[in-house]
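Undergrad: As numbered in this note's numbering, the sequence shown has no gaps in its residue numbers, which increase by one up to the final residue, 754.
Treat the hints as calculated values from the structure; they're not laboratory data.
Don't take each hint at face value.
[What the hints assert, rightly or not] For each label pair, taking beta carbons as the anchor points, the in silico distance ranges come out as:
1) GLY447 <-> GLY209: 25 to 35 Å
2) GLY249 <-> PRO733: 32 to 42 Å
3) GLY182 <-> THR751: 52 to 62 Å
4) ASN543 <-> GLY209: 50 to 60 Å
5) GLN585 <-> PRO288: 56 to 66 Å
6) GLU646 <-> ASP381: 45 to 55 Å
7) PRO376 <-> GLU584: 43 to 53 Å
Keep in mind that this is a model prediction, so the values were computed, not measured.
Built from N, CA and C at the ideal position, the CB exists for glycine as well.
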Amino acid sequence: MTALPGATPGSPADEREGGAFDATSDEPAPPADDSAPAGPGEESESDGESAQPASTDGASAGDESTEGKSADGESAEGGEVSEAQAELAAQRELRARIEHRKAEKGGPIQAGGKLSGTAADLLAAVKAVESGSKPGAAFFEAPTAPRRPAPSSVPPPERPRVPEPARAPRQPDAGAVAAVLEVLVAGGAPEELAERVAGVLGEQAAQALRENPWRLLAVPGVRPEQADGFARALLGAECGPGDERRSAALVSWLLEQAALQGHTALDSSAVRKALGGRSVPDPDEALQHAIAEGAVLVFQDGLDDRAGTGTNAEAGTGAGAGAGAGAGADADGDADRDPEVPVLLGLDRYALAEESLADGLARLIRTGPHDSWDGPELVRAAGGHGLVLHTGGEAARAEPVAVVEAARARGMRAVVAVHSENGRRRLGADAVTVHGLLSGAQGPGRDEDGALALDLLAVLDAPQLDVETAAILVESLPDGSRLVLSGDPGVLWSAGAGRVFADVLAARVCPHVASRTPGPGPIGELVSGIGIGELNQVEAPGKEVVIVPVRDAGEAVHRTVQLVADSVPRAIGVPSEQTQVITVGHGGSAGTRALNAALKERLNPGPGRFGGFDPGDRVAYVPSPGRTACGTVVSAEAEGLRLDCEGTPVVVPKDRVTSALRHGWALTAHQAAGMRWPAVVAVLPGDAAGALSRPWVHTAFSRAERHLSVVHGVEQALPRAVAEIPAQERTTRLRPLLEGLLATPGD
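Produce the entire structure from the sequences given, and follow the hints as far as they go.
TA: Structure below.
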């Protein structure tokens with residue numbers, strides 16, 4: 008490998024588009040952190056790491072991260088319920104069970120009051136014998152039900168593939184849309200927002216906006232300055248920067264922006280500072296009002312945990328109550344709190360998810376087995392524990408797969424789950440995706456209690472688990488089952504909020520097995536060095552790693568097209584359709600948009616007559632934030648655009664094409680996480696220097712199996728990023744929650 012020369016760094020690749028009120032723009036201005044999803048079909052303009060959102064709250068809210076999520080399980084087109092909508096309904100049912108379970112924790116439990124089924128029958132029998140109303144023989148002479156046979160070690164046959172419908176937003180009532188439209192026009196907001204506002208705020212959206220115009224901030228894509236202008240037009244002289252309605256809406260908006268950056272909570276001092284930056288005259292009073300209104304929850308994790316009572320996300324219990332009680336004067340004013348432990352603010356959805364996840368992981372640890380299995384270290388650990396962590400690179404993926412095979416050999420129901428269809432295809436038909444497992448489209452389904460019919464689940468690509476998905480997954484596992492979380496800790500974290508894998512690793516509450524399997528070849532050697540902060544020169548006699556220096560972004564685009572279309576197929580033997588381009592962001596002169604336009608012109612020229620796409624185009628399909636499937640356009644039909652995504656047919660409705668699809672010759676590193684290709688061209692133009700980080704480089708370079716070309720124009724910014732710029736920290740609560748739940752009394 009030669010030295011890494013390049014072009015002079017330029018301006019950041021983060022591109023901000025849109026006008027004064029661009030909430031309806033197809034390319035809204037998103038946060039700069041690649042860890043945050045920008046919504047269906049969108050990622051952040053810059054694919055690197057960024058600063059804390061509370062100090063950069065001027066970043067746009069343009070990420071349409073909630074678009075495409077139906078608010079209920081009903082089909083927008085009639086009585087049929089799509090697979091994605093069925094998943095949402097199942098998730099809501101699980102969340103209801105979680106909340107009900109938490110509500111029950113507060114009061115005393117009557118003996119047997121929480122039992123059902125066989126356990127309740129047995130308790131009733133015991134009470135009857137003790138009272139003398141029935142003899143013991145009356146129960147034990149009856150024939151017993153036949154024991155359910157051990158499940159077969161043979162995995163169930165793969166279900167037939169059917170076209171997967173794109174997740175469509177719920178269609179709001181026409182009357183509600185018309186009423187909202189009237190209010191929007193009066194406030195000078197774009198008419199195109201009407202359906203989205205009605206979908207987010209519900210049937211009473213028009214009335215809600217009239218009473219509080221800043222409710223417009225709840226709509227993805229709307230920024231505070233836009234909501235302020237809307238409020239001034241509606242309220243006139245009544246509108247002011249200190250309006251309590253404004254401050255409460257701003258607090259919620261700031262926390263939503265933090266979630267897009269990966270945070271599940273924020274330090275209250277950071278929120279105060281951000282409120283001051285938004286011209287709120289008294290941030291302390293504004294925060295007090297937001298807490299009193301229930302717009303935000305307050306936590307001081309670690310205070311009550313040390314007393315052994317744990318932390319509860321619900322207002323009025325645990326540490327949340329401790330901090331919230333003092334919020335009448337000051338959110339940080341609780342006299343009993345530890346000044347060394349920061350007061351955190353969070354939204355209830357992430358608080359519930361993190362607490363449910365912590366409870367579920369603790370349950371697996373406590374109810375886990377204590378069997379003694381022979382075999383490699385990871386197999387032995389999984390045999391004796393309910394939760395096991397495994398770290399390693401791409402070459403180590405065979406180790407958790409071996410655990411699943413060992414469990415099946417013992418007659419257990421075991422499955423390996425991955426992040427993407429690309430990863431599933433590489434492992435074989437026995438694997439499932441996390442999304443497919445939860446939705447029921449893949450895997451063994453659920454038992455009569457609603458839990459996944461599994462004894463062991465191994466999750467690869469665990470760093471890609473966001474806190475909400477992880478909570479639903481763990482809540483779905485039955486007591487006594489085993490969970491193995493496996494992944495490379497050096498890659499980019501999840502697109503959604505949280506850093507689940509890193510938090511559980513840091514908590515040290517279960518066995519951790521680190522793989523000793525090295526990455527093969529020059530690419531494996533290069534990536535291993537990046538993981539420890541070293542950008543080493545490696546010998547690549549077979550041209551496994553090639554550095555292509557460029558002077559500017561225009562040359563970067565030209566050389567990238569040349570590599571994909573000519574050089575890699577000719578010199579390496581990898582065809583263009585198996586070569587993936589990965590760049591730092593969507594915007595910029597060498598971002599995904601510019602590269603995809605140039606690659607389409609060379610590889611599949613056409614007018615783009617189907618919403619900008621032609622048959623044969625490579626596309627990135629994003630059915631929901633954080634999920635990307637690579638595919639090819641097959642045809643356009645009356646119902647929409649038909650794709651082939653890794654062998655799975657997908658139909659994207661016409662009204663979803665522009666939001667759920669991008670051209671896919673070039674992807675961001677976050678879109679590419681969990682996937683691999685025979686050849687990868689990593690593009691680092693000069694204006695991307697400020698967005699680089701060690702996790703970005705690690706993720707992009709490790710996507711290559713046989714060949715990696717680096718189009719390099721950032722000079723010393725690349726080795727500096729690898730050596731000095733680790734993952735951007737995220738504020739989360741999972742680690743202290745786990746430590747509190749599993750702490751030994753007296754610790």
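Undergrad: Now, for every hint given, state plainly whether the structure supports it.
TA: Tested hints:
Taking the beta carbon of each, GLY447 and GLY209 are about 28 Å apart, inside 25 to 35 Å as hinted. A C-beta distance of roughly 40 Å is found between GLY249 and PRO733, which places it inside the suggested range of 32 to 42 Å. A hinted range of 52 to 62 Å holds for the C-beta pair GLY182 and THR751, which are about 59 Å apart. A hinted range of 50 to 60 Å holds for the C-beta pair ASN543 and GLY209, which are about 56 Å apart.
Restraint check, GLN585 to PRO288: a C-beta distance of roughly 59 Å satisfies the suggested window 56 to 66 Å. A hinted range of 45 to 55 Å for the beta carbons of GLU646 and ASP381 is consistent with their spacing of about 54 Å. A beta carbon spacing of about 46 Å between PRO376 and GLU584 agrees with the range 43 to 53 Å that was offered as a hint.
Figure legend: structure checked against the earlier numbered hints; every hint is met.
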